[in-house]
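K.L.:
Residue-level listing of the chains:
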Amino acid sequence: MLSPGRTVSSRLLRPGSWLPLRLGSERTAASSLQKELIKKHELEKDELRPLYMDFQATTPMDPRVLDAMLPYQVNYYGNPHSRTHAYGWESESAMETARKQVADLIGADPREIIFTSGATESNNMAIKGVARFYQAKKHHVITTQTEHKCVLDSCRILESEGFSVTYLPVQTDGLLDLELLEASIRPDTSLVSVMTVNNEIGVKQPIKEIGKICRSKGVFFHTDAAQAIGKIPLNVSDWKIDLMSISGHKIYGPKGVGALYVRRRPRVRLEPLQNGGGQERGLRSGTVPTPLAVGLGAACSLAQQEMEYDHHRVSMLANRLVQKIMSEIPDVIMNGHPEQRYPGCVNLSFAYVEGESLLMALKDVALSSGSACTSASLEPSYVLRAIGADEDLAHSSIRFGIGRFTTEDEVDYTAEKCIQQVRRLREMSPLWEMVQEGIDLKSIKWTQH
Amino acid sequence: MAASSRAQVISLYRAMLRESQKFPSYNYRTYALRRVRDAFRANGKVEDPKTVERLMEEGRETLGVIQRQEKEQSMMNCDLNTH
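Protein chains in written order, with our numbering: chain P, -3 to 445; chain Z, 4 to 86.
Isolated chain P, as found in the complex (with noise of 0.2 Å):
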C-alpha cells in the first residue's frame, strides 16, 4: 500500500483510491499512477475534447514541424548571433536556412525577411515604421476599415501623433474599390495597407491590382499576409508588394514567431520599433529564437510542398459544409464573396438565432463568431458591420475554420449538429415565428409608446 508523503502524486489521490504497488518499481509505478489519475479526472469530468473547426485562430502544429524544431530545443541551442564557436555556427546557420524557407515561400530574397515575434508585431514595424521613417515630406496612410486590429491601432496611434489616416470603406462583398483607392491617394501619402486574406470572412482583395495602383503612384504597399501565406500562391515581385507580415501560427507553425518581409529594390526604410544590439539588419533587435525560426521555415516549406493537396481538398471539405448546410435550412448567408475568397474561412449567419447561443449549443464543436481577439467584447465584429450587414445578423454569425487536419466526418458532425441546433433554436424564438406567419420584421414597431 502506498503511505503518504512518499510520492508527489500521493498528494493528488483521493480517499479510497489507493492503488496497489509493487516494491521496487517505484519510478515506472509512479509516472503510470500519474497516467491514471489523470485519465480518471478526464473521465469523470465526462469531457472529451471538442471537435477543432477555427483554423483561423490558430493551427495545430505539423508534426513535421515539431520534429524540426526539437532538435534546437535540446542540443543546438546555441544563441545564433555568437560569432565565436560551433554553437553559435549551427546555430545560425539553422536561421539562414529558415529564412531562405519562408523567402521562397514568396518569391523573395533571403536578405528580404525579418523574423519577428508575430504578425501583430510585423503590422507594427510595417505601418509605424514606414510612416514614421518618411514622417519629413509625407503624412498621409491609407488602410481599409476590415483590416486586422492591431493595423487598425497602429493607424490610430499614428494619428495621435499627428498624420492622417483615411480607412476605406469595403463593398457589401467585402473587397475593396480600386477607383476609390486610386482617389485616396495623395502626394503625401506614404503607405497603403490593405490584408490579403481577411481572418473573419476569408475574402481575398484583389492584391495584384492594388500593387499596381501604389507602384504607379510611387507610395508604398504593406499587406498583411498572415491567413494567405502557404494557402494561396504569393509572389512578392509579381504583386509589387513592398511589406508583407507572416505569422508562424496560421501555417501549422509555432506561435510566438512570424516575420516582416520588407523590399531591398526599391529599397524600404523602416524606422525600427525595437532598438539594441542591430539584429535582423537593425531593423529588429533581439535574438533571434532559432527553434522557433526553424519552425516558421519548415512550416513554410511544408506548406508551399503541400499547397494544391491543401487547397483543393480545404475547397472540397468547405464545400460540402456550406452545400449540407445550406440545403437543409432557410435563411443562412455567407458573408463575404462567393468566389474571391480563401475556402478554409466560411462565415455563415443564421438570421433569427443569435449567435452566442448556436456557438454555446454546438459545445463539441471549437467555433468562433469573428475574430479570436474581439471574442472577449459583446459587440458585434466590426468586419461584418463594414460589409454593411444588418445589426442582427452581424449578431448570428458563425465562423467556420477548415484546415489541414479536417476530416470529412468532422466537417459532416459539424454540418448535422449545426443544422440540428439552428432548427431547436428557431422553433423556439418569436421571431421566426412571425417570419412564418409572413410579418414583416423591418415593419414591426418595437417601441410602446
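In case anyone wonders, no lab produced these hints; they're calculated from the structure.
Predicted, not measured: the structure shown is a model, and the values here were computed from it.
Each residue gets a CB set at the ideal place from its N, CA and C atoms; glycine is no exception.
Treat the hints with care, since some could be wrong.
Here are some, though not all, of the chain P residues that point toward chain Z, as calculated from beta-carbon distances under 7 Å [to be verified]:
| no. | residue |
| --- | --- |
| 1 | Pro59 |
| 2 | Asp184 |
| 3 | Phe401 |
| 4 | Thr403 |
| 5 | Arg422 |
Position chain Z relative to chain P; hints supplied.
P.N.:
Below, chain Z without anything else, positioned relative to chain P:
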C-alpha cells in the same frame, strides 16, 4: 545504385501506414494515413528510377518523423480523444 523494387515500395508504404496508425491524436492519425495513401497513389505511375529513389528517400525520412512524433505524443499522454 539499384532502383527500389516494387516490393520495397510496398513495404515502405505498409510501414508508414502501420506507424501512422499509432498516432494518439485523431487529427494527426487521420491526416498521416490519408496523406501517405494519397502520396503513394499520386506517385504510382512514376517510372524514372532516379525520381523513384528520391521519393523513397523522402518516404523513409517521413517514416522517421512519424515514428519519433508518435512516440513523443504517446509519452505525453496526448490521447484525450475528440468526439
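K.L.:
Does Pro59/P pass the interface check with chain Z, least Cβ-Cβ distance below 7 Å?
P.N.:
At 4 Å from the nearest chain Z Cβ, Pro59/P passes the 7 Å test, so the hint holds.
K.L.:
May I ask you to test the interface hint for Arg422/P with respect to chain Z, counting a Cβ-Cβ separation under 7 Å as satisfied?
P.N.:
24 Å, violated
K.L.:
Checking hints one by one. Is Phe401/P an interface residue toward chain Z, by the C-beta closer than 7 Å rule?
P.N.:
Check passed: Cβ of Phe401/P comes within 4 Å of chain Z, closer than 7 Å.
K.L.:
Answer holds if the nearest beta-carbon of chain Z is closer than 7 Å to that of Thr403/P; otherwise answer violated.
P.N.:
Hint on Thr403/P: holds, closest Cβ of chain Z at ~5 Å, below 7 Å.
K.L.:
Hint Asp184/P vs chain Z: min CB-CB distance below 7 Å?
P.N.:
Where the cut-off is 7 Å and the nearest Cβ of chain Z is about 50 Å from Asp184/P, the hint is violated.
Checked against the numbered hints listed earlier, the structure breaks hints 2 and 5; every other hint is satisfied.
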